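From first to last, the protein sequence lines stand for chains V and H. Straight run, no breaks: the first sequence in our numbering ends on number 323. Straight run, no breaks: the second sequence in our numbering ends on number 1794.
For the record, the hints were derived by calculation from the structure and aren't laboratory data. All figures in this text were calculated on a predicted structure; none of them were measured in a lab. Heads up, the beta-carbon is just placed ideally off N, CA and C, and yes, glycines get one too. Careful, some of the hints might be misleading.
With the Cβ distance kept under 8 Å, some of the chain H side facing chain V (calculated, not the full set) [claimed, not checked]:
#: 1; residue: Ala1397
#: 2; residue: Glu1703
#: 3; residue: Ile1706
So these bits of chain V aren't anywhere near chain H, every CB distance computed over 12 Å [unchecked claim]:
#: 4; residue: Glu94
#: 5; residue: Val102
#: 6; residue: Glu113
#: 7; residue: Thr130
#: 8; residue: Ala208
#: 9; residue: Glu301
#: 10; residue: Arg307
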Amino acid sequence: MTAPVLSVRRLVKEYGEGDAKVRALRGVDLDVERGDYVAVMGASGSGKSTLMNILGCLDVPTSGRYLIDGADVGELDEHRLAVLRNRRVGFVFQSFNLIPRMSALANVELPLAYGGIGRAERRSRALAALERVGLADRVHHEPNQLSGGQQQRVAVARALVTAPALLLADEPTGNLDTASTRDVLRVLDELSVSGRTIVLITHENDVAAHAKRVIRLVDGEIVEDRRQAPVDGPPPRPAEAAA
Amino acid sequence: MSPYEILRFAMRGLLANKLRSALTTLGILIGVAAVIMLVAVGEGSSRSIQQNIQRLGANTLTISPSFAGGGRGGMGGPQQAGPRTQARELTLADARALTDRSLAPSVRSVSPVVNGTAPAVTYAGASHTAGQLVGTYPSYFEATNKPVARGTYFFDDDVLAARKVVVIGQTVAGELFGARDPVGEQVSVAGVPFTVVGVLKEAGSTGGQDADDVVIAPLPAVQQSLTGFGPLDSIVVQASGAAATEAAQAEVTAVLNQRHGVAAGGAADYRILNQATLQETVSEATGTFTVLLAAVAAISLLVGGIGITNIMLVTVTERTREIGIRKAIGAPRGAILGQFLLEATLLSLAGGLSGVLVAYVGTRFAIAGIQPVLVPSSVALALGVSAGIGLFFGGYPANRAAKLRPIQALRHE
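Using the sequences provided together with the hints, build the complete structure.
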């Protein structure tokens, strides 16, 4: 069996000092296999966003170990961490976080530019990623000219354009209407079918139903770990998405 | 990431908010242009003052009587002389003694001068009160740098014969004759008829005194008919060259001390105004003036700098979230810092260079009668300071933001 894409041991994250100290994560252990599609669920304040930020290398844990593809993230310096964020991890935010006044294409090209890839290749890969999320006809639109669902699909394209080992999505459908939610979930399902590893956060059961595995967090601890479909099989698409 | 890529990112960042970029550039432009203009005006006025002094005549010494009791020795004579009872007036004999080649070899010419106060000059019903009446010798014109525009000077013959001829300044000519040629016409000075032989070239006003409001006649003629044969008001001595003024001053001092019986180290009953010394003094004064203007300029540069600082801080702080996004998708710190530094550099350069351009165009025009003179060091200073401030205050907050963990930058509102 190959090493897990993502491996977390006794992860603790605390905010604040003294009386105001909040323990957002209280020793989380988690392994995610290659090709898995994991939904992390939990009420607000359960620590799921904190977990996600640490998995995306956007934040550092107070203690505990975190390995991506077997590499210990805690031992990486600033520059290697930037490379890791760029090559290994794709992150999709709830609030899209596209850079304003830059076209969809430029936004998707950005990680490739930081990755040092030449212009011609950058353009073709970004166009391919945008086509994959069904936005081939919107490449020159700026974020404020796109709907929420379209912006989120641009964000997904940006996250997967570097072909990362891991696609992380923090409530990707939290700000979207039903139709847009369906669009984004269809893209994620397709990515899962093609073998991409996905971890997403949600508090909607409809969204979690798309995942092969559901993890429930309560007060910074994993209280439930339920498998809905085998790791190497297709995602359990509900009827409404298939329709 | 290649430098070219970073440059493209910086350009895109600037163009993404054109108004803000334009306003920042404008702020820098004003700061830089203000400094360069102020220094240029200071330099220009200082030069114009020096030119005015040079116009008074170069290499000249003006000897005037000096009494401890103060005041000019008028018609009164020695009895008004105050505590120094032996003090003597300047006389024609003094002037003649100074022309002695062996005693005063550095002296080129000596012009004794009497001044009449504000005589009424009339011509054909027109009347004008001249600011100054000067009775002197022909050498006075060269020594005090007063060329004639029309007609001629008067000559030694006129002096010997005490002819009633007169050279008038432009102001007097304009008041009495308008556009007509005054040469050959007869005017009456304080009731005495004089023939105009020449009109002085326009000298311009210096220090509130109109140098063109003057009437110059041969010394004996003035003494005979207007002031009487009293003592001289001053003696203008021209040295044989710029380097000889100090020597001439020493010689004049020796001759006069001997003639007036002033003991070595004793207080003299005359004083010598050295044009070169005056020039030095005034250059020092104008230097102070330039320093003052430079201080004002420095303050405006400081204020401009604070403006740049402000805009840069706001710009970068406002974009902390953007920096967070860029970091989250894997931008290395160097690339982020490079982009923001380059943006700041481009803004500073665009603003600074257009400021220099505006100042350059501005200094082509006279401001309040002063022709500004561009000082290259002020250009370098203004550009350097504005670019430095732009870079530091664009770079510092960008560096701070680039050092944040992505999540901290992303949460920044």
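| query | Hey, does valine 102(V) actually stay past 12 Å from chain H on C-beta? | reply | holds, 15 Å
| glutamate 94(V): least C-beta distance to chain H exceeds 12 Å? | holds, 15 Å
| field | Assertion that glutamate 113(V) lies outside the chain H interface [Cβ separation over 12 Å] | value | Holds: least Cβ distance 24 Å, greater than 12 Å.
| said: Does alanine 208(V) clear chain H by more than 12 Å, comparing its Cβ with all Cβ atoms of that chain? | reply: The assertion about alanine 208(V) holds, with a minimum of 17 Å to chain H.
| task | Could you check if isoleucine 1706(H) really has its C-beta closer than 8 Å to a C-beta on chain V? | result | holds, 5 Å
| Hinted contact alanine 1397(H) with chain V - closest CB pair below 8 Å | holds, 4 Å
| query | Was glutamate 301(V) rightly flagged as not at the interface, with every chain H Cβ beyond 12 Å? | reply | Holds: least Cβ distance 21 Å, greater than 12 Å.
| With a cut-off of 8 Å, does the beta carbon of glutamate 1703(H) approach a beta carbon of chain V closely enough for the hint to hold? | holds, 6 Å
| message | Please verify that the nearest CB of chain H lies beyond 12 Å from threonine 130(V)'s CB. | response | Given a closest Cβ separation of 9 Å, the condition is violated.
| task | Hey, is arginine 307(V) genuinely clear of chain H, shortest beta carbon separation above 12 Å? | result | holds, 30 Å
In summary, the structure is inconsistent with hint 7 from the numbered list given earlier, while agreeing with all the others.
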